[in-house]
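A.B. asks: What follows is the residue order along each chain.
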Amino acid sequence: MANDPMKQFEIKEVAELFQIGGQTISWTNSAFWMVVSAILIVGFFALTTKRKLVPGKMQSLGELSYEFIANMVKDTTGAEAMKFMPFVFTLFFFILAANLIGMNPYAFTTTSHVAVTAALAVFTIGVVIVAGIWKNGFKWFKIFAPSGLPFIMYFIIIPIEIISFISRPITLAVRLFANMVAGHVMLKLFAIFAAYLAAKGGIIAVGAIVPMFATVALVALEFLVAGLQAFVFAILTCVYLNDVYHVDH
Amino acid sequence: MANRNGQNHSSKPDDLTDLGARLDAAKSKYEVVPEIKEDGSLLGQAWRMSTELVVSVMVGLGLGYGVDVISGSAPWGILIGLCFGFAAGIMAVLRTSAKMDAQNAGVPLGDDMPDDEDE
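Residue numbers (the working numbering), protein chains in the order written: chain A, 4 to 252; chain B, 3 to 121.
Excised from the complex, chain A in its bound form (with noise of 0.2 Å):
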């Protein structure tokens, strides 16, 4: 049995692929498991859009799931918006499917890799100034200066509005990376207690049952965890798509 809380985001190479200016870029156990997700995903909406009139219970699922991001993109956006719906729906159900794999034994946490968020959420940053600048051209960078300021405060107020711009791929990627490795320490933490007190033997032994409840409330909790962070990733990132449309806020 593993005793380091740790060891479970350990990456292990499991295959030498190439090599790209002497660093090496390898098969992991962690791109196994994204790619699990992704063909989880598109095999579930693969198999369920049937396209019937009268949708089943799976052709439900995935009408849900599709009005449920589309909602999300019109109310926190705006309907001009609906362009980058795509974009959401695969960040949020990726993340979604990474973060549920992670719950299952055996199955490595691709979400746990500061790595791992930090690419989603420089990208979706990425997406958003890109899409800004193509779209408003130079004047997009007036979201860092809010217009009808005395001349002065604008000392103060560019400053601040480049740290929180900046700090926000920082917040998306910190936050999901941060979520999924203290629970799954905890977790973990709670189980080996429960398993060291059971193996102690006698009187002891009783003891156990309090960690292993603890480990059952945290597995539910983590469950509502890994949906509610691939949530908020995805409502956060319709919140800076705002910035791609609504410059003079």
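Simulated from the structure, these hints should not be mistaken for lab results.
Virtual Cβ for every residue (Gly too), placed ideally from N, Cα, C.
Take these hints with a grain of salt, some might be off.
Chain B regions said to be covered by chain A (calculated; three or more residues, Cβ under 8 Å) [unchecked claim]:
#, stretch
1, 18-28
2, 83-91
As a list, the in silico SDA-like pairs of lysine to any residue whose alpha-carbon atoms are at most 20 Å apart [unchecked claim]:
#, chain 1, residue 1, chain 2, residue 2
3, B, K101, A, H249
4, B, K101, A, N245
5, A, K77, B, K101
6, B, K101, A, K203
7, A, K145, B, M93
8, A, K77, B, T98
9, A, K145, B, R97
10, A, K77, B, A104
11, A, K142, A, Y248
12, B, K101, A, P149
13, B, K101, A, D246
14, A, K77, B, S43
15, B, K101, A, A82
16, B, K101, A, I146
17, B, K101, A, Y248
18, A, K77, B, Q47
19, B, K101, A, N74
20, B, K101, A, G81
21, B, K101, A, C241
22, B, K101, A, F234
23, A, K77, B, Q105
24, A, K203, A, L56
25, B, K101, A, A84
Chain A stretches covered by chain B per the calculated footprint, using a threshold of three residues with CB under 8 Å from any CB of chain B [stated by the list, open to error]:
#, stretch
26, 46-56
27, 159-166
Take the given structure of chain A and dock chain B to it, following the hints.
C.D. replies: Okay, now just chain B, sitting in the frame of chain A:
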């Protein structure tokens, strides 16, 4: 006009209004749960605001440190960066909470809560 069910009128709209009235009467017997539309769960919003605050301070600190390293102006870059980071964090949280307030404007809270006892 003779009706199979022995009713006096059989025209469709009348039947429908009658049915509607009966449905309303039946529905009124049950408690109507008001739908409160929430933009994300409260836990999600709490996570959002707390990380915004903490990370903004860190980013301000990091930028200030970067300025210090480049221009050799230590410790002023870090000090000013920290202040700006803190201000940015507070502003982000205030902005988020203002948005939350606007979204929950229609939801009764505190003293405005309707009494459940007179049911």
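A.B. asks: Now look at each hint and say whether the structure bears it out.
C.D. replies: Hint by hint, here is what the structure shows:
{"no.": "1", "hint": "18-28", "verdict": "violated (count 0)"}
{"no.": "2", "hint": "83-91", "verdict": "holds (count 5)"}
{"no.": "3", "hint": "K101(B) <-> H249(A)", "verdict": "15 Å, holds"}
{"no.": "4", "hint": "K101(B) <-> N245(A)", "verdict": "13 Å, holds"}
{"no.": "5", "hint": "K77(A) <-> K101(B)", "verdict": "16 Å, holds"}
{"no.": "6", "hint": "K101(B) <-> K203(A)", "verdict": "54 Å, violated"}
{"no.": "7", "hint": "K145(A) <-> M93(B)", "verdict": "18 Å, holds"}
{"no.": "8", "hint": "K77(A) <-> T98(B)", "verdict": "18 Å, holds"}
{"no.": "9", "hint": "K145(A) <-> R97(B)", "verdict": "18 Å, holds"}
{"no.": "10", "hint": "K77(A) <-> A104(B)", "verdict": "17 Å, holds"}
{"no.": "11", "hint": "K142(A) <-> Y248(A)", "verdict": "12 Å, holds"}
{"no.": "12", "hint": "K101(B) <-> P149(A)", "verdict": "18 Å, holds"}
{"no.": "13", "hint": "K101(B) <-> D246(A)", "verdict": "15 Å, holds"}
{"no.": "14", "hint": "K77(A) <-> S43(B)", "verdict": "18 Å, holds"}
{"no.": "15", "hint": "K101(B) <-> A82(A)", "verdict": "19 Å, holds"}
{"no.": "16", "hint": "K101(B) <-> I146(A)", "verdict": "18 Å, holds"}
{"no.": "17", "hint": "K101(B) <-> Y248(A)", "verdict": "17 Å, holds"}
{"no.": "18", "hint": "K77(A) <-> Q47(B)", "verdict": "19 Å, holds"}
{"no.": "19", "hint": "K101(B) <-> N74(A)", "verdict": "18 Å, holds"}
{"no.": "20", "hint": "K101(B) <-> G81(A)", "verdict": "15 Å, holds"}
{"no.": "21", "hint": "K101(B) <-> C241(A)", "verdict": "14 Å, holds"}
{"no.": "22", "hint": "K101(B) <-> F234(A)", "verdict": "17 Å, holds"}
{"no.": "23", "hint": "K77(A) <-> Q105(B)", "verdict": "14 Å, holds"}
{"no.": "24", "hint": "K203(A) <-> L56(A)", "verdict": "61 Å, violated"}
{"no.": "25", "hint": "K101(B) <-> A84(A)", "verdict": "19 Å, holds"}
{"no.": "26", "hint": "46-56", "verdict": "violated (count 0)"}
{"no.": "27", "hint": "159-166", "verdict": "holds (count 5)"}
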